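Protein chains: 4
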Amino acid sequence: MVAKNPPMGWNSWDCFGAAVNEQQVKENADYMAKNLKEYGWEYVVVDIEWFQPTASTHEYEPFSELVMDEYGRLLPAVNRFPSAADGKGFEPLAKYVHDLGLKFGIHIMRGMPRMAAHKHLPILGCDKSCDQVANPNSICFWNPDMYGLFCDREGAQEYYDSIFKLYAQWGVDFVKVDDIAREYPHCEKEIEVISKACRNSGRDMVLSLSPGPAPLDRAEHLKTYANMWRITDDFWDKWELLLAMFERAEKWAIHAGPGHWPDADMLPVGSLRQDYDKADQTKFTKAEQITMMSLWCMMRSPLIVGAHLPKNDEFTLELLTNSDVLAIEKESHCAHQLYRTDSEIAWIAPRKDGKGVYVALFNISDVDREVTFEPASADLEEYSDVKELWSGSEFDNSEAITEQIPSHGAVIYLFS
Amino acid sequence: MVAKNPPMGWNSWDCFGAAVNEQQVKENADYMAKNLKEYGWEYVVVDIEWFQPTASTHEYEPFSELVMDEYGRLLPAVNRFPSAADGKGFEPLAKYVHDLGLKFGIHIMRGMPRMAAHKHLPILGCDKSCDQVANPNSICFWNPDMYGLFCDREGAQEYYDSIFKLYAQWGVDFVKVDDIAREYPHCEKEIEVISKACRNSGRDMVLSLSPGPAPLDRAEHLKTYANMWRITDDFWDKWELLLAMFERAEKWAIHAGPGHWPDADMLPVGSLRQDYDKADQTKFTKAEQITMMSLWCMMRSPLIVGAHLPKNDEFTLELLTNSDVLAIEKESHCAHQLYRTDSEIAWIAPRKDGKGVYVALFNISDVDREVTFEPASADLEEYSDVKELWSGSEFDNSEAITEQIPSHGAVIYLFS
Amino acid sequence: MVAKNPPMGWNSWDCFGAAVNEQQVKENADYMAKNLKEYGWEYVVVDIEWFQPTASTHEYEPFSELVMDEYGRLLPAVNRFPSAADGKGFEPLAKYVHDLGLKFGIHIMRGMPRMAAHKHLPILGCDKSCDQVANPNSICFWNPDMYGLFCDREGAQEYYDSIFKLYAQWGVDFVKVDDIAREYPHCEKEIEVISKACRNSGRDMVLSLSPGPAPLDRAEHLKTYANMWRITDDFWDKWELLLAMFERAEKWAIHAGPGHWPDADMLPVGSLRQDYDKADQTKFTKAEQITMMSLWCMMRSPLIVGAHLPKNDEFTLELLTNSDVLAIEKESHCAHQLYRTDSEIAWIAPRKDGKGVYVALFNISDVDREVTFEPASADLEEYSDVKELWSGSEFDNSEAITEQIPSHGAVIYLFS
Amino acid sequence: MVAKNPPMGWNSWDCFGAAVNEQQVKENADYMAKNLKEYGWEYVVVDIEWFQPTASTHEYEPFSELVMDEYGRLLPAVNRFPSAADGKGFEPLAKYVHDLGLKFGIHIMRGMPRMAAHKHLPILGCDKSCDQVANPNSICFWNPDMYGLFCDREGAQEYYDSIFKLYAQWGVDFVKVDDIAREYPHCEKEIEVISKACRNSGRDMVLSLSPGPAPLDRAEHLKTYANMWRITDDFWDKWELLLAMFERAEKWAIHAGPGHWPDADMLPVGSLRQDYDKADQTKFTKAEQITMMSLWCMMRSPLIVGAHLPKNDEFTLELLTNSDVLAIEKESHCAHQLYRTDSEIAWIAPRKDGKGVYVALFNISDVDREVTFEPASADLEEYSDVKELWSGSEFDNSEAITEQIPSHGAVIYLFS
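Protein chains in written order, with numbering that gives the first Met the number 0: chain F, 0 to 415; chain H, 0 to 415; chain R, 0 to 415; chain U, 0 to 415.
The set of hints was computed from the structure by calculation and includes no laboratory data.
Owing to the predicted nature of the structure, the values given are computational and were not obtained by experimental measurement.
A couple of the hints might just be wrong.
Same chains, same label: a pair holds when it works inside one copy or across any pair of copies.
[Stated by the list, open to error] Straight-line Cα separation of at most 20 Å, SDA-like style, residue types lysine to any residue; simulated pairs:
hint, residue 1, residue 2
1, Lys3, Ser376
2, Lys222, Ser342
3, Lys354, Pro374
4, Lys222, Asp203
5, Lys222, Pro374
6, Lys285, Ser406
7, Lys164, Gly124
8, Lys118, Val66
9, Lys329, Ala375
10, Lys164, Arg202
11, Lys3, Phe372
12, Lys25, Leu74
13, Lys36, Ser322
14, Lys354, Glu381
15, Lys127, Asp160
16, Lys250, Glu219
17, Lys351, Glu398
18, Lys222, Ser376
19, Lys118, Pro61
20, Lys25, Pro81
21, Lys25, His97
22, Lys118, Met67
23, Lys127, Pro61
24, Lys127, Glu64
25, Lys222, Tyr338
Use the sequences and the hints to build the structure in full.
Structure follows, in structure tokens:
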């Protein structure tokens, strides 16, 4: 089963935008292999515009010249990814990552390059040409590169098959498809065609759909055709966005399970935005980062770090390597929000092995507060031991557990 | 804690409508004490219009003469409830029920009798009169008896206090307040005032709110102020209504917990509608009744039987006395829907004690079908034993469990 | 034909609220006969709550004791209307008004008194009683007196017939029915029943429907069953309300015609609100009052003055007695808005006799402005003479007519 | 003033779709000059895709090669318009039309050719290139040719100036701009830029905006920036579409006036759709065609014939040359719908010169009916003479005028 547990890894977007290059990818892969791999982190994902030679920031350049082969399939820009020279594509970089004991992923946009259609390029594996399946009305409203496909026409499945087979040949383990997760209902069929191409590629690849918010009422369709899908628009280091995630998490949590994971988006921790005048550190407080990690783990969201990893400070590294907390991702099930007031939120998640129950308490108020939890309110009075996972402190269960939590911070108890 | 587990009992509406009388209540209480009590059934609830002397069917009579005291508090109609003579109210009937080892409940409408306001009756315990707190615009659109209150006026809390103290004096254990659960936002304050009156009455009473659908986005308010609340409009014995309940149950299940229970409404089983020419039997098939009980238990809805109990046949009695199934109500937590296709629905619920996980499979198609469940899809491959709770059959866990389920039927597995 | 031209008159609401008495009505009738009658003003209308003995302000008293006869028909409160003693109703007051050469009108609420239903009073002219046709759910959300009727039940037409025959017997010429004009679709049938009762009463009465806004998409229904209907909620002396009227007037103007008139509500000029500590003068500037009169005339709205007439100052009297302006109400047709910018609005209305065209220019900006109108822009270049109707100045037509208009003011040209 | 009266002419779309050629345009111009010119018909308009060499039907070809100059300005395809050879564009064809005493018009799409942006072509008259002002997200959802412009960027006004100056140089008198009239609010600025380019071109050109429905609440903006604009989506020869036009006409009629005309779209009469296997005749009955002409004239819509004129039969020619009816377009003003029932609609329009009033009666029922009109209901009882304009019959005015009108047919009376 692909993605039996929520995928964990790194993605280039938060730190390098559309402009990441091979050297930067390798540096992050090296760091992950050395510092994070043992805690379960494994995917190294190259995000958007790797086929655009002049990309230099988080912005997109309309009407630019994209690198593609004679079948309209995009290829890495060699000036940015030198190992892709001589038509080798991402195969050398994927091998580099695999040799570190990690997995390699890429980002693609739904559809085909606009110019492939205007140039009437042939589609590999059939007698159709790109202009015959490109839909001139199916464009992405935030990226100027592509046309979506008429998925009920001959040639559409073949085009997607042709690119996924190329990715399989390169050794890709994870494909993040963009401009699609919130594009229901008009992209429903395109999701199915892409999913089929992915599963028929001959290689296990995680299929990840972006951007969010994916529609909650299409949860079953998403669970059937994808391994993870974004439940929000792009998430960044602002408290308002983190606070808003609780509501989405509350609704989506029941849809998490082996092979299908609602995705709360990348973790904007550590050193971000390297393309600006001055790379800057996450604007989240430490308390907020603990809240974020706690919520992502309780809801079993995939964990994809956005930091330029080699610049991690000690706090960031600890945040990403707390084994007790990361265990929730693999060992819990049936999580849900317990309650929410103006100042507090609580979540619960039983362990799959029956050996305990996790309860997370969040202080969403703007002041440090003493927060009290009564185990009986969640039928937990029978458990004898309690451990707080961020501090490691252990104590006996009692009628009421009281904890001082900083503003925007969190604690997680394991009742056992 | 009031309603630590989901309440279980009987209600007069489905079988006697607005016209139930003392003798009928006693007959049902007697039956419950003898046949159901040991399985956890305990509440005997007199539904709407017990204060209306001429009620004879499920219909309401506008502008009829309601029995009330000098403070505008409704009293049982003595022609229907003889033991209420001499101002004794429901005290004698409650005592009868208590003596059987059971609990006694009543239904009320939000507000006060319209005539109490038109007659300017005084409110007990303050110097206001009914016309000063009755809101002439706050009416119920399906029942003609009452005016809601201006809950921000002095006298409103006092009026509700006066009736709940009367109910406490009678020995009432359960109050179902109607015309309120779906009346957000304008009745939000009225819910709070009623809740306070209930909790200040000096007696533990379950506070149940009707009718549904209560608004999902007010779940936290409902959890705070009520013990149970209806998530649907009136539920009857039609497959379409039962099928529709799955969607509501999916959304509400995470809000079930000690003291607060989303309520899927009464169980229309057995002999119903005694006020029509000919009392008629539930129109649900046996398979549908098993589906209903399975869903109600998996979502931990309160269980309130609508049948005229003395007419129960063997199937109905068995349906209500399967200890393994009823245990789910008390022993599970964190239930949620696992998946849904056009023909199948699955639910999961771990046991609170960690000693197993319940999985229910529903065949919602119109044909008998072979249904297959793969334990690994829900992380259940580590469990060794499986028991089907309706048939009692036991077998070893395996890669795929296949069962023939009749149309609209269900099975429940306990993995342990 | 009833209301061949838009009705013109006086109404007691703006100056006396719910508390007007006989003496006040007579004073206003006397003033009208002496000062306004010759300009076309003729209706004297007693507004809401004439059946309520304790009314003293613009507010309503819930659950008060209304004066009614044994058939549930409301009667004037004798303490306020002494001539109504001995069951004579409004007959003596109507005669007083008629003797002045004027016409008499009253206001009623849709439905019957709530207490008529609770008391089960008989309906005159049939064997039904009030409780059998009163709809306990059909209430008015701003007035506590009445229940609407089940208009498809026997007894509903008879009840309305019984009150309109009483009004005909009293000599009523104008009935303003309230709580109905914006109550589509649920009051559509009730409008038809009331209209039939009015037309079958044996006397010509103008049927006026309130409050607004009536729904524009039911214009044809309103034209068929009523003589005038409110196009706005209550209109008072605030510029924002006057400015907002232009948009409603633009949409409704095409529905004005013999016997059916969209009604922009009463004219809050002169001395208003006599029930407050201190009677106060209209808050409209003179320019705004000229704009109001100009718009009402151009759109051919009924003209119903709200002032306590005996307190009229010279300006108010002149405003109401400009014959050239008032002629637009009778002599124009096919009016419509010509254009609207952020600072100006223009209206056009041809004379029915072909002898000229009216053009009104409104300065809706907050500063005095020079406003220019080009006759050719409205195909008016062929006319030779122009007269401004408020000032009386006359001049030759030219390529561009420029006028200084005060903020919120207006001019009206007659091109001939 | 451009378009002092509603424009009248012919357009190639209904008969030739995207494929019209020079010979066909000339044949229609010749016919118009000989048969229609004296009745006021004057514009000869070449519709969409004259720049596309392979157009052959009413369909569009995505990703086709459009003819354009080095500045990204579209040019007539020489294979279809031979006189455009040697870069002469439409100048020779315009001259041909002018020499017949007629006027020449063309259709364009909002924006610039997609390939002009992808090729980075320079914009004439400034130092910007097409890729710098093309908006990659601004596409037309039914035509694949163009990108809209970022109208707040330098180069946008210059691009539109460059094409309108070219059209002025060719001798164009009428420009129908498509993909814009219903595209509020995002195209509001683009309308203003196009309007400015048109008015600055150095030549009087009617500016016509398509397709509809333009939004009613933007009427003043349309009146300010355009000479005519579509109030409906494409209109064809189906009764349902014609019936639906009455509602739009009712709302838009007040916005018709010198220089600005709500446009009910082309008249699908005579021989249509020449690109199909077999050119076919309009599916409208004669009665329906009379209704259409009557409504278009009463509301003063522009009149643009869709027929292949040389194939006109006698009825079609008579329909287009009834001087009394066509006079309404020029001589009336202030038209509006009088009333509408389930089976009848009436319209009224006074003559601008005061010498009479037009009244049109429409039988919208599916049966022939006797229709009665009472002149007093519209204040027309003072007129002595009546003429029916389609039959030419004259008679005295009376209390009630009764006429047999065929199903879906109409009559027009002139009261004088």
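Legend entry - Hint numbers not upheld by this structure, sorted from lowest to highest: Violated hints: none at all, because every hint is consistent with the structure.
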